[in-house]
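Visitor: Use these hints to put chain S onto chain P, whose structure you have.
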Amino acid sequence: MTVITITKTELSDGLAALRKGYKLFGPVAEKSSYTFRELEKDRDPDFSYQNTRLSPKGIVFPQSEDMFTYTLDSTREDAHFLKEAPKDYSPRVIFGIRPCDAKAVSLTRMNFDTRAYRDPYWMGLFEATTFVGMACDTPCQTCFCTTAGCGPYHEEGLDVLISDRGDHYLAKPLSEKGRQLLAVAGWLKPAEADFDKNKAAAEAKIGSSVATDRLASADTLALYGADFWEDISFACINCGTCTFVCPTCWCFDIQDEVHGKTGKRARNWDSCMFPIFTIHTTGHNPRGTKLHRVRQRFMHKLKYFVDKYEAGIMCVGCGRCIRACPVNIDIRNVCGLMNSRAAENVCAEGK
Amino acid sequence: MGNPYLPYPVRIDDIVVESEDRNLKTFKFVFLNPGDEGKFAYRAGQFAELSIAGKGEIPIGIASSPVEKGFIKFTVNKAGLVTSHLHQMKVGDIMGIRGPLGNAYPWETLEGKNILIVGGGFAFTTLRSSIIFLLDPANRPKYNKITVIYGARSPGMLLYKDELIEWEKRDDIDMHITVDGTNDSDWKYNVGFVPPITEQKAPHGDADSYAIVCGPPIMIKFTQPVLEKLGYDHDHIILSLENRMKCGIGICGRCNIGRELVCKDGPVFTLTQINQTPREY
Chain P
1 MTVITITKTE LSDGLAALRK GYKLFGPVAE KSSYTFRELE KDRDPDFSYQ NTRLSPKGIV
61 FPQSEDMFTY TLDSTREDAH FLKEAPKDYS PRVIFGIRPC DAKAVSLTRM NFDTRAYRDP
121 YWMGLFEATT FVGMACDTPC QTCFCTTAGC GPYHEEGLDV LISDRGDHYL AKPLSEKGRQ
181 LLAVAGWLKP AEADFDKNKA AAEAKIGSSV ATDRLASADT LALYGADFWE DISFACINCG
241 TCTFVCPTCW CFDIQDEVHG KTGKRARNWD SCMFPIFTIH TTGHNPRGTK LHRVRQRFMH
301 KLKYFVDKYE AGIMCVGCGR CIRACPVNID IRNVCGLMNS RAAENVCAEG K
Chain S
1 MGNPYLPYPV RIDDIVVESE DRNLKTFKFV FLNPGDEGKF AYRAGQFAEL SIAGKGEIPI
61 GIASSPVEKG FIKFTVNKAG LVTSHLHQMK VGDIMGIRGP LGNAYPWETL EGKNILIVGG
121 GFAFTTLRSS IIFLLDPANR PKYNKITVIY GARSPGMLLY KDELIEWEKR DDIDMHITVD
181 GTNDSDWKYN VGFVPPITEQ KAPHGDADSY AIVCGPPIMI KFTQPVLEKL GYDHDHIILS
241 LENRMKCGIG ICGRCNIGRE LVCKDGPVFT LTQINQTPRE Y
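Going line by line, the protein sequences match chains P and S. Residue 122 in the working numbering sits at position 122 of the first sequence; the count goes up by one each step and never skips. Residue 55 in the working numbering sits at position 55 of the second sequence; the count goes up by one each step and never skips.
So that you can see chain P by itself, here it is in the shape it has in the complex:
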């Protein structure tokens, strides 16, 4: 695989060239944190971030997205008929996505792109997007990607991976989409360099970990009925922040909104932390307590997903939920409890 070298000046020139063929999204400093924004002319990505506060999942899966529009004006022939909302699926690039967030997009795809159904909105944006990753040489204290099936130089879900070498960048094309983007940007200078030179050092900086080896073999109902959920959920205020910052959380609501005689059907991010997520019209709620809801979030990520897809846990170790949680609920601890409880089951059954 050819490695491309890019000087810092060439990077800026290349981004200008990319803007002609792509919408360009990248990390920028905003107030006290970083976030992904569409970068207008003359605004370059700011690579001084460790990671952004929100993942860039909203570029492929907007927080609020129109699905259909309609008129309720009965004098019109098309009254009450749903029409597809206008969509823009022109090419776009997420420049500087971290490998963990790119892997999260791959995990999320398993939900939106199935044998039975293909979500046209998610797939439309996904297919329009080229993912250019920025390898992570200075991880956060809360990162645990290397034990969550990912890593600071992980390539899954990326079209290009870039490594910052101080005075220049190295770029590794990983797909045809990625090669095309490099050509459009004019980044074509091959380099005789070891792309992965800093990989081992970066991985060594990841200071925390999770054990997940026994989750798959654990008994679902034993984990569900475990006594630790009361303790884990005790402090939770069901604010839903963990689900909003999570790059792999994909749940959404569908709502109709009407203004005058025109209306739209839109979908919005939703959260399993909220009681109305599951409440029936009768008032009965199958996940009526916060214990139910906290358990659902962790069981989904660390057990149901593991069993359903056999592709590891539904977590990439970005650590956002740990940093954002107002009451310090830590998925690393929960995963540890679940994994060790799974081990106890095995012992108890004498296997």
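For the record, the hints were derived by calculation from the structure and aren't laboratory data. Using N, Cα and C, we set each Cβ at its ideal position, and we do this for glycine too. Heads up, a few of these hints could be off.
Stated by the list, open to error - In the EDC-like style, the derived pairs of lysine to aspartate or glutamate whose C-alpha atoms are separated by at most 16 Å in a straight line are:
| # | chain 1 | residue 1 | chain 2 | residue 2 |
| --- | --- | --- | --- | --- |
| 1 | P | Lys308 | S | Asp265 |
| 2 | P | Lys290 | S | Asp265 |
| 3 | S | Lys55 | P | Asp253 |
| 4 | S | Lys55 | P | Glu257 |
| 5 | S | Lys55 | P | Asp73 |
Stated by the list, open to error - Per the computed footprint, the stretches of chain S lying under chain P, defined by three or more beta-carbons under 8 Å from a beta-carbon of chain P, are:
| # | stretch |
| --- | --- |
| 6 | 53–65 |
| 7 | 142–153 |
Guide: Same frame as chain P, now just chain S:
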């Protein structure tokens, strides 16, 4: 693959008030586009999203039967935002239907078997679809003995009364209609809750017998031990579940019981399957 969120446009062709409290109405819909009925090919036990512009969508079991052509029917309880609006709509109004969704009752597995159908209240809709399907001359010979136990609070709350009376007269289906209570001295059917009537009237279970149960949670709870006592294995007890849904196609994430999605992997599950999941329904 088209957009699975886009409903087929339909027109309300007929509305029948089913119950004495007027809270249950059966809506008959016809498809506005000629090809759509063919695309909506369904099996008994499936559901669909009824879609009203400006209000939203609601998942409802299909009450018409695959052997009935030219229309589809849903019996809807007036309860929330969408269903309350639907109850105010009139014949000729335009709305949408998205589906068919979910799995169906396992009709291939049930071939050659005895089928016990236990239903309660307004959950009888997909059971009506099933009975019409089973009694169709092309299908009836494929199935063995059919027994139906159906209960409602009072005679006036029973759905599809004309059809119930027709089925009572037939000798190829064993009907046991019951009500929780009644003052009607002319009531000639059973009085009592569904579980004890099941215990009295239902045939014993064996390797060639299956029970399909659809009703309110309290009925299901007390019917289960009766079926066990009668000898029905857990994998011969078939239940249809409900949960809050939005997408109906297994994507939006709210209706799961463990790893199973009620909308896509269900709504029909065997008791064996349900026993392996957290009962979050």
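Visitor: Taking the hints in turn, state whether each one holds.
Guide: Each hint tested on the structure:
For the hint linking lysine 308/P to aspartate 265/S, the alpha-carbon distance of about 12 Å falls within 16 Å, and the restraint holds. Simply put, lysine 290/P and aspartate 265/S have alpha-carbon atoms about 26 Å apart, too far for the 16 Å limit, and the pair is violated. Using a Cα cut-off of 16 Å, the hinted pair lysine 55/S and aspartate 253/P holds, with the two alpha carbons roughly 14 Å apart. Among the hinted pairs, lysine 55/S with glutamate 257/P is consistent with the structure: their alpha-carbon atoms are about 8 Å apart, no more than 16 Å.
Between the alpha carbons of lysine 55/S and aspartate 73/P the distance comes to roughly 15 Å, so the proposed pair stays at or under 16 Å and holds. For the stretch 53–65 of chain S, the stated coverage by chain P holds: 5 residues have a C-beta nearer than 8 Å to a C-beta of that chain, and at least 3 were required. Requiring three or more residues with a Cβ within less than 8 Å of a Cβ of chain P, the coverage given for the stretch 142–153 of chain S is violated, as only 0 such residues are present.
Of the numbered hints stated above, those contradicted by the structure are hints 2 and 7, listed in ascending order.
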